[in-house]
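Trainee: Sequence:
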Amino acid sequence: MSSPSPPFPTPVPKCPNDLFNFDDQCVLVEDADEEIMELYMSLASTSPETTELTIDDNSGGLGFLNSNESILEITIDLTPPLPLSSSNVPVNGGSVHKRERGQKKKPPQNRSVDNVVVKVQQDLGMLKSKKGDTGSVLWRSSLHLSTQLIRQSTYPTSYPRPIFNSDILGKSSILELGSGTGLLAVLLSRLCGRYTSSDRLENLKLVKKNCEINGIGIEDGSVSLVSNIEKDKDKEKENRLLKVKPNENKSGQGHSKMTTIPEIRPKVNLEEIDWIAISQERKSHPERWPSSPTQEKAEYDLILAVDCIYNEYLVQPLIDALAKYCKKGKGEGNVVWVVVELRSSDVLTLFLEKWLTDPSGPWTIVRLSEKMMGHWDNRKARWVGWVGWR
1 MSSPSPPFPT
11 PVPKCPNDLF
21 NFDDQCVLVE
31 DADEEIMELY
41 MSLASTSPET
51 TELTIDDNSG
61 GLGFLNSNES
71 ILEITIDLTP
81 PLPLSSSNVP
91 VNGGSVHKRE
101 RGQKKKPPQN
111 RSVDNVVVKV
121 QQDLGMLKSK
131 KGDTGSVLWR
141 SSLHLSTQLI
151 RQSTYPTSYP
161 RPIFNSDILG
171 KSSILELGSG
181 TGLLAVLLSR
191 LCGRYTSSDR
201 LENLKLVKKN
211 CEINGIGIED
221 GSVSLVSNIE
231 KDKDKEKENR
241 LLKVKPNENK
251 SGQGHSKMTT
261 IPEIRPKVNL
271 EEIDWIAISQ
281 ERKSHPERWP
291 SSPTQEKAEY
301 DLILAVDCIY
311 NEYLVQPLID
321 ALAKYCKKGK
331 GEGNVVWVVV
341 ELRSSDVLTL
351 FLEKWLTDPS
361 GPWTIVRLSE
371 KMMGHWDNRK
381 ARWVGWVGWR
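So the sequence shown is numbered by the UniProt record's numbering: it starts at 1 and just counts up by one.
Where hints are given, some of them may not hold.
To be verified - Here are the simulated DSSO-like pairs of lysine-lysine, each with C-alpha atoms no more than 30 Å apart in a straight line:
1. 354 <-> 371
2. 283 <-> 297
3. 171 <-> 327
4. 267 <-> 297
5. 14 <-> 380
6. 283 <-> 324
7. 324 <-> 297
8. 267 <-> 327
9. 14 <-> 119
10. 205 <-> 327
11. 171 <-> 324
12. 205 <-> 171
13. 119 <-> 371
14. 371 <-> 209
15. 354 <-> 380
16. 371 <-> 14
17. 324 <-> 380
18. 324 <-> 14
19. 119 <-> 380
20. 267 <-> 119
21. 354 <-> 14
22. 119 <-> 209
23. 380 <-> 327
24. 324 <-> 267
25. 283 <-> 327
For the record, the hints were derived by calculation from the structure and aren't laboratory data.
Please put together the full structure from these sequences, using the hints given.
Mentor: Here's what the structure looks like:
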């Protein structure tokens, strides 16, 4: 007697505001335990060579890029993806064809390789003096996410199913929860309509500083919030730290013409948001998080939280913050995007359980495919991206 065939997965619904392009490998999350078990089984089945981190992992497992240097100068490689050819196109979803024996690999064409260079200042004193204050250093998930989104924006024809619908993203308003050092604000504010970085006040000072040293303006309404931060004096044009430049080839002869980012000076809004205070307010006034659709139009199209799930004490406050800013409405609702590195399975399970059962829901949660999220320096990524809405 043959065993029953496994049930078909539940189809993934369309993103309500069309901001995300879900592909056929995205998964509808319906059970927290099953979701986390599947993620970690996939990670465990991968060989160590494809999961090994290539960065300075001195974080004790949390996910810091480098917690020893006060200033990080980061170069994001934007090498154009290889064009599809008969030698590397999968057939019927299968593996890539290998070259015939004796067939030589064609040398790559002479082309420029664009880099994005950005400098990030960290506050190591805050990290060491305040236990649990991890927002003062750069986390690797922010860097890898920025890299993937910038690559997809730079070479749209090479990504037939990018994470975002670029036309909608260009008009969208984004609220980032827990902005930390502000790397995402620096790099993604050029891609969207309006970008708001939020965090506690002491972290917003760091966001403001990193925006300014990378040529990103601060909206007038939020300057007074962190007015005690002095602006950098040495803003000479040649020291502008966010730029695009071609690499030199092996002969040392690079392209003579500099390719620069268009002279559009984006601005970032800063907003002080304390999840703990939001959670306390929700307990005192639960009626402010209605379970029924609201007529109020969402102020933000996307609520972004990158690597904010590492401490079970902050799980419920983060859920409450998501519920506060994610509006539930027909045609007027917005979406949440939670990106997190796979560390503690217990904390992630707790987060998903609370998110799925949040009384302000019901929530629809979709896991983005590995193809959409991208790899980590040609290695299997140790992260997951969930898109949710009410």
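Trainee: Hint by hint, work out which the structure violates, then give me just those numbers in ascending order.
Mentor: Numbers 9, 14, 17 and 23 - these are the hints that the structure violates, sorted from lowest upward.
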